[in-house]
Amino acid sequence: MKEKAIHVVLMLLAFSAIAALAVITAFIFKEGVPIIAKVGIKDFIFSSDWYPLEGQFGIFPMIVGSLAVTAGAMVLGVVLGLACAVVLTQFCPQGMVAVIKPSVELLAGIPSVVYGFLGVVILVPLIRDYLGGPGLSVLASSIVLGVMALPTITSISVDAFQAVPRSYREGSIALGATEWQTTHRVILKAARSGIVAAIILGMGRAIGETMAVIMVAGNTLDVPHSLLDPVRTLTSNIALEMGYSAGDHRQALFATGVILFVIIMILNSIALTVSRRRVRKGAAR
Amino acid sequence: MRIPPAVTQRAAVGLMWALTILTLGVLLFIIAFILANGLPHVTWTFLSTSPESMGRAGGVLPMIVGSLWVAGLAVLISAPVGVATAVYLTEYTREGRLTAVIRFGADCLAGIPSIIFGLFGFVFFTITLGLGFSILSGALTLAIMVLPTIIRTSEEAIRAVPKSYRDVSYGLGSTRWQLVTRVVLRSALPGISTGVVLSVGRSISETAAVMLTAGSALGFPHSVFQSSRTLALHFYVLSREGLSMPNAYATASILIIAILLINLSAYALMRRFVAKVV
Numbered sequence: 000m001k002e003k004a005i006h007v008v009l010m011l012l013a014f015s016a017i018a019a020l021a022v023i024t025a026f027i028f029k030e031g032v033p034i035i036a037k038v039g040i041k042d043f044i045f046s047s048d049w050y051p052l053e054g055q056f057g058i059f060p061m062i063v064g065s066l067a068v069t070a071g072a073m074v075l076g077v078v079l080g081l082a083c084a085v086v087l088t089q090f091c092p093q094g095m096v097a098v099i100k101p102s103v104e105l106l107a108g109i110p111s112v113v114y115g116f117l118g119v120v121i122l123v124p125l126i127r128d129y130l131g132g133p134g135l136s137v138l139a140s141s142i143v144l145g146v147m148a149l150p151t152i153t154s155i156s157v158d159a160f161q162a163v164p165r166s167y168r169e170g171s172i173a174l175g176a177t178e179w180q181t182t183h184r185v186i187l188k189a190a191r192s193g194i195v196a197a198i199i200l201g202m203g204r205a206i207g208e209t210m211a212v213i214m215v216a217g218n219t220l221d222v223p224h225s226l227l228d229p230v231r232t233l234t235s236n237i238a239l240e241m242g243y244s245a246g247d248h249r250q251a252l253f254a255t256g257v258i259l260f261v262i263i264m265i266l267n268s269i270a271l272t273v274s275r276r277r278v279r280k281g282a283a284r
Numbered sequence: 000m001r002i003p004p005a006v007t008q009r010a011a012v013g014l015m016w017a018l019t020i021l022t023l024g025v026l027l028f029i030i031a032f033i034l035a036n037g038l039p040h041v042t043w044t045f046l047s048t049s050p051e052s053m054g055r056a057g058g059v060l061p062m063i064v065g066s067l068w069v070a071g072l073a074v075l076i077s078a079p080v081g082v083a084t085a086v087y088l089t090e091y092t093r094e095g096r097l098t099a100v101i102r103f104g105a106d107c108l109a110g111i112p113s114i115i116f117g118l119f120g121f122v123f124f125t126i127t128l129g130l131g132f133s134i135l136s137g138a139l140t141l142a143i144m145v146l147p148t149i150i151r152t153s154e155e156a157i158r159a160v161p162k163s164y165r166d167v168s169y170g171l172g173s174t175r176w177q178l179v180t181r182v183v184l185r186s187a188l189p190g191i192s193t194g195v196v197l198s199v200g201r202s203i204s205e206t207a208a209v210m211l212t213a214g215s216a217l218g219f220p221h222s223v224f225q226s227s228r229t230l231a232l233h234f235y236v237l238s239r240e241g242l243s244m245p246n247a248y249a250t251a252s253i254l255i256i257a258i259l260l261i262n263l264s265a266y267a268l269m270r271r272f273v274a275k276v277v
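Protein chains in written order, with numbering that gives the first Met the number 0: chain A, 0 to 284; chain B, 0 to 277.
Take these hints with a grain of salt, some might be off.
[What the hints assert, rightly or not] So the derived list for chain A, only partly shown, Cβ under 10 Å to chain B, looks like this:
hint, residue
1, 86
2, 97
3, 101
4, 169
5, 174
6, 176
7, 247
8, 270
Calculated directly from the structure, the hints in this document are not laboratory data. None of these values were measured; they are calculated from a predicted model. Built from N, CA and C at the ideal position, the CB exists for glycine as well.
All chains, please: the whole structure from these sequences, using the hints.
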């Protein structure tokens, strides 16, 4: 009897994650969808006019901004993140792994406001002085976000590399391939789906980051035309204006959240599908 | 002309190491830069007094207390739920549609950006449930945010407990619940603690979600129903509004040291767990 009750209680608690997800989705959509319907989904997404006080809500520049900084972040994040994962799993003596792995994890633990602050204090002046523009820019945001997304990319790629059977590596080396040939022709290929998942989840991390971007992006409302132009992202639009918004304006910020939510969910689903396929392939082996 | 494989091997390995060292260099630089500029300003007075004139002078005691309240409460709420979920997934059910749904929920939750949690916490906890900008609103929001981390690390820790422990326990006639509480959870405790400790770190670092739920009152918090500014948010306000650079650096130093200690203890716990179980 007691066992049965415990079973039921545990089952109910186990559903709290999915329940939370459902409630979050419901509330964000409930707050945001009416204004999208009022403005029209096409205007909301493709109009560049964001004048909340006059009832004009177009978030096109923010969508472009979010995509631009995320793309930039991925260039840096993928290169550094994959390099760390390759070194950790292929070239690194065990003793060094015990130093490098926790360091990369520590990078993930540093508060985003600290990243943003260092971006403002160090990166922004450098960009302004040597490359021109206001400094607060797509480039500065991309660099900061790239470093922030790197730990995600590294840790998931490491898992993917470690899931490749040892025999692949041994076979390749036995055939006379160098370590590097083995890494990039055998291991990288075998771990491909895991790496794709890692990159997509890294993208999710970059596109969802808020405080660091607010500090270094400049937050102007124009569509950026170069790497040195300032931008505003979807996330910073919400955080910047939430404090003083009301009525339709507040709803439009929730609607910005809806668009962000949808983008994240699409990225998550792709990552989940890709990594699930890997699991199935692994099981068949 | 073909480049000999031995040369590519050398160059590639060199490049990979260079990029890794660059990454570690960035980490070291961040820590060293903040501590070098901030530590001289971290005095006992700074740690033990309240801010004056919006943080231009005075200390950060209320923010330290606020951060501890929000993070502590968040983990206190999240840990039992997360561990229960992990126990259910590993000990009480087989892999099937049900576990797939639960995992899907946790995976999606893990990917949601903190600003969305902030929006949700704002409309749900502060407005709909009427909790207002308060430590409790912030803690509840963060509890949901760190739930996936706690579920995942607990599940891994529980799965790592050797099957023989379970066989022996059943062999001695224990019920499933006795097995879970006295054998499995006890052996998995250091592993579970790792997830809990990392969640405390994540809660302390978080800014966007607490800004919209716990608010940014400067006063000393006397109850969980009061608004309280956390250290991370205080640092954001100080640096963004240019109120006081020395105080901003000092606040950042406290944050960095807290995160360093938290990650070190999580790492130590993990090593102990691995040494014990494997």
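So, going through the hints one by one against the coordinates:
1. 86: Holds: closest Cβ of chain B sits about 4 Å from residue 86/A, inside 10 Å.
2. 97: Holds, about 9 Å.
3. 101: holds, 5 Å
4. 169: Violated, because the Cβ-Cβ distance from residue 169/A to chain B comes to roughly 17 Å (cut-off 10 Å).
5. 174: Because about 12 Å separates residue 174/A from the closest Cβ in chain B, which is outside the 10 Å limit, the hint is violated.
6. 176: holds, 8 Å
7. 247: violated, 15 Å
8. 270: Since chain B brings a Cβ to about 8 Å from residue 270/A, closer than 10 Å, the hint holds.
Hint violations for this structure: numbers 4, 5 and 7, all remaining hints satisfied.
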